[in-house]
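**Q** Residue strings, one per chain:
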Amino acid sequence: MSTQSTRFAARLMVAPSVFVLFIWMIVPLAMTLYFSFRFYRLLSPERAGWTGLTNYTWFFKAPDFWLAMGNTLLLVGGVLVITVVLGTLIALLIDQPVYGQGPLRILVIAPFFVMPPVAASIWENLFMHPQNGLFAAVARGLGGQPILFLESYPMASVIGIVSWEWLPFATLILLTALQSLSSEQLEAAEMDGASGLNRFRYIILPHMTRAITVVVLIQTIFLLGIFGEIFTTTQGGPGSASNTLPYMIFKQAIVAKDIGRAAAGGIIAVILANIVAYFLMRGIGKNLDA
Amino acid sequence: MARATTPRRKALTTLAAWSVALIIFFPVLWMILTSFKTEASAVASPPEFLGASWTLENYAEVWSRSDYPRFFWNSVVISVGSTLLGLVIAIPAAWSMAFVPGKKTKDLLMWMLSTKMMPAVAVMIPIYLLFQWLGIYDSKIGLVIALMLMNLPIIVWMLYTYFKEIPGEILEAARMDGAGLWNEVVYVLAPMAVPGIASTVLLNVILAWNEAFWTITLTTTKAAPLSAFIASFSAPQGLFYAKLSAASTMAIAPILILGWFSQKQLVRGLTFGAVK
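So the protein lines, in turn, are chains A and B.
Per the working numbering, the first sequence starts with residue 59, numbered consecutively.
Per the working numbering, the second sequence starts with residue 0, numbered consecutively.
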């Protein structure tokens, strides 16, 4: 029952949101695009000028570019797999009747309240540090050698830290979905002799599809731009073993002070995000409508 | 999905669930414990638990070495301010998307969300230059605007899903009774939407509080919030664990306490209203 005037009013009400987001997106994007074709180094301002595609070709020819691209996707994929799988298991566990459900949930969501720089520095110093970290102490206590987490397994360590930060989010969404599942359906299946695994596979998992979609969508958006955790812990190293696209861009902008190259990297990152978004929407977007 | 179980089974699941919860929570707990130890005790090997020498000195020193109240206040202003400003812009949009949906509503929502996919690092320099040029670099208002824009898609999306659950007939009835748009929003919609709005506010305050890229990139001293405060304490690694832990605890404590007290709203907020 929407009249012409309510429709017009409705448009008007959406307008501010669309307008500010459009500006927030388009102005920096246009500037980045412009810089990406310019020679623009803060250390040699006198050489400013158009430079064609050289900023882009520099990136594609950089020895660690493909590694950084791979690491970026590995970080997103790794964290998604870990948080969805562990989140599902934990949700199944704490959905059972247990004593102290309230306090239990508080403990599980705690990592969500820890800001990324703090999370990264706790893990780096208090746990993973080869001399003073708790893991090293445990390893020595067991008579072994401390593992050099950030030196020997930089990507795995970063994925572990980021997974810890995102686990509460995945767990909570999956738990909420689980709680809306009718118990009659499960009991009926149980009476018909369906095993626990089959009940999970054919009843619980299909019910959670939408929740998993939300987890994957939201997390991907945040994970593609992950930067702070790497900056705090490995700084892309050792060498460039844990370099990612965002970190590579950061290094060009802040360390090399080459705005042109950083901008080209930025455009590449935007294209990558669009490709990922495209496949994401094609693959799981339909789950969102139901 | 609550089902009848035996006490024995409940005890076993309780044990398993609490073990998992404590493992997840342990890093935070260990940080808090370390913050009360002396520096020597903090790095002792084997690690000291109950026998450690406890002290409040780390907090005293962090307090005296930096202007914690100012960082704290900046964090409060920036996270609450950006969320409220976001609400003002998002509520009308979410309202009209939920109650006067058009063919393009879904696409519009997805587009809004997609603006968040642009990696912050990619547009760091332009935003930095723009903020300098507009004279809002290192100002609280600048960060309020930046974080509002960052969280706006999420605020719109969350409100949209909450509003959609409000039956449209009630609004139509109000309209029949002659309520104008403004009255409809203020007297009919708002009271029903309060829980959803509360969850939205809570989640976005936390997201803004924990934001550490723009808050560090766009500030130097005046407007720097707690994320920058903690960055300044990241001493040479492997050193001053107790002080680092104390500063870290001080940075996350306000939001940890807020989150724990409002757990129920937060859980609803975290699900983005998208999962039932």
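Keep in mind the hints are simulated off the structure, nothing from the lab.
A portion of the hints provided could be inaccurate.
[Said to hold, decoys possible] Between beta-carbon pairs, the in silico distance windows are: (1) A314(A) <-> E38(B): 32 to 40 Å; (2) F48(B) <-> K315(A): 46 to 54 Å; (3) S44(B) <-> Y211(A): 16 to 24 Å; (4) W62(B) <-> G199(A): 30 to 38 Å; (5) V79(B) <-> A314(A): 35 to 43 Å; (6) S63(A) <-> V87(B): 21 to 29 Å; (7) Q131(B) <-> K119(A): 28 to 36 Å.
None of these values were measured; they are calculated from a predicted model.
For glycine and all other residues, C-beta sits at the position ideal for the given N, C-alpha and C.
**Q** Now look at each hint and say whether the structure bears it out.
**A** Here is what the structure says about each hint:
A C-beta distance of roughly 37 Å is found between A314(A) and E38(B), which places it inside the suggested range of 32 to 40 Å. As the Cβ distance of F48(B) to K315(A) is approximately 48 Å, the hint placing it in 46 to 54 Å holds. With their beta carbons about 22 Å apart, S44(B) and Y211(A) fall inside the hinted range of 16 to 24 Å. Roughly 35 Å separates the CB atoms of W62(B) and G199(A), a value that falls within the hinted 30 to 38 Å.
Checked against the hint of 35 to 43 Å, the C-beta distance between V79(B) and A314(A) comes to roughly 38 Å, which is consistent with it. Take S63(A) and V87(B): their Cβ atoms lie about 23 Å apart, and the range 21 to 29 Å holds. Distance hint for Q131(B) and K119(A): a CB-CB separation of about 32 Å, consistent with the stated range 28 to 36 Å.
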